Amino acid sequence: GENVEQHPSTLSVQEGDSAVIKCTYSDSASNYFPWYKQELGKGPQLIIDIRSNVGEKKDQRIAVTLNKTAKHFSLHITETQPEDSAVYFCAAGPNFGNEKLTFGTGTRLTIIP
Amino acid sequence: NAGVTQTPKFQVLKTGQSMTLQCAQDMNHNSMYWYRQDPGMGLRLIYYSASEGTTDKGEVPNGYNVSRLNKREFSLRLESAAPSQTSVYFCASSDLRTGTELFFGSGTQLSVL
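Quick note, the sequences are listed as chains A and B, same order.
Counting from 1, one number per residue, gives the positions in the first sequence under this note's numbering.
Counting from 1, one number per residue, gives the positions in the second sequence under this note's numbering.
The reader is advised that the hints may include incorrect statements.
These stretches of chain A come out as covered by chain B in the derived footprint (C-beta under 8 Å, 3 or more residues) [to be verified]:
| hint | stretch |
| --- | --- |
| 1 | 38-50 |
| 2 | 104-111 |
Straight-line distance between alpha carbons at most 20 Å, and here's what the computed DMTMM-like set of lysine to aspartate or glutamate pairs gives [as the list claims (entries may be wrong)]:
| hint | chain 1 | residue 1 | chain 2 | residue 2 |
| --- | --- | --- | --- | --- |
| 3 | A | 42 | B | 101 |
| 4 | A | 100 | B | 56 |
| 5 | A | 37 | B | 56 |
| 6 | A | 100 | B | 38 |
| 7 | A | 68 | A | 49 |
| 8 | A | 100 | B | 95 |
| 9 | A | 37 | B | 101 |
| 10 | A | 42 | B | 56 |
| 11 | B | 57 | A | 2 |
| 12 | A | 100 | A | 2 |
| 13 | B | 71 | A | 99 |
To be clear, the hints were calculated from the coordinates, so they are not data collected in a lab.
Because the structure is a prediction, the values reported are computed rather than measured.
Idealized CB from N, CA, C, for every residue including glycine.
Based on the sequences and whatever the hints tell you, model everything.
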């Protein structure tokens, strides 16, 4: 089955700086790579996703890059703000079928004012 | 719209007791899921229901049972709780006709003593 590794487990950055979270996956058949943000006391919420037919996707201050050859993908947050403090999860799986989605172990991001 | 609603939010059980976690969604989604979240282990799928009337095992089904009561409701039952089932439980729903996004409830924190 799929194995997803996520690093780092904790990350602290100064407000305004950039944050990068990296994930690697093992199954070359995976084609869908979502990122979820979990705020304290809440359930995870999708913030961005990418499919294997593109190498990069941006949404305002958030971007995701994918390297299928190396089997790794990354989340980039620029101009970080206090509200970016949360736990972030990457995941990998097929294009359809959430039951086959494998999650990473999470990164706790803290933005220092 | 409330989205995905889980009850209860907190529960403490003694070893061997039983309980049912309730989940309801008002987004007319076909698919529903139960995950558990443990420190350092990300989200792991317990059971899912691809559509009303069907249920299937996920990665960690042992010790659990589920019921898809109707299109809106999907319950998770612990017949004889064990300390290893201490975790945070999340219900989620999705509709593959419109996308792969998972919509999560706010979770149930369960402690088994």
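Quick rundown of the hints versus the structure:
1. Counting residues of the stretch 38-50 of chain A whose C-beta sits closer than 8 Å to any C-beta of chain B gives 7, which meets the bar of three, so the coverage hint holds.
2. Figure legend: the stretch 104-111 of chain A, annotated as covered by chain B; annotation consistent (3 residues with Cβ-Cβ distances under 8 Å, at least 3 required).
3. Among the hinted pairs, residue 42 of chain A with residue 101 of chain B is consistent with the structure: their alpha-carbon atoms are about 16 Å apart, no more than 20 Å.
4. Pair hint residue 100 of chain A plus residue 56 of chain B holds up; C-alpha atoms about 12 Å apart against a cutoff of 20 Å.
5. Distance check on the hinted pair: residue 37 of chain A and residue 56 of chain B sit about 26 Å apart at the alpha-carbon level, beyond 20 Å; violated.
6. Between residue 100 of chain A and residue 38 of chain B the CA atoms are separated by roughly 19 Å; this keeps the pair inside 20 Å, and the hint holds.
7. Between the alpha carbons of residue 68 of chain A and residue 49 of chain A the distance comes to roughly 15 Å, so the proposed pair stays at or under 20 Å and holds.
8. Our distance criterion of 20 Å between C-alpha atoms is met by residue 100 of chain A and residue 95 of chain B, whose separation comes to about 15 Å.
9. Proposed proximity of residue 37 of chain A and residue 101 of chain B is supported: the alpha carbons are some 13 Å apart, at most 20 Å.
10. The hinted pair formed by residue 42 of chain A and residue 56 of chain B fails the criterion: a straight-line CA distance of about 26 Å is larger than 20 Å.
11. At roughly 17 Å between alpha-carbon atoms, residue 57 of chain B and residue 2 of chain A fall within 20 Å of each other, so this suggested pair holds.
12. Taken as a hint, the residue 100 of chain A and residue 2 of chain A pair is honoured in the structure, with Cα atoms around 9 Å apart against an allowance of 20 Å.
13. Taken as a hint, the residue 71 of chain B and residue 99 of chain A pair is honoured in the structure, with Cα atoms around 18 Å apart against an allowance of 20 Å.
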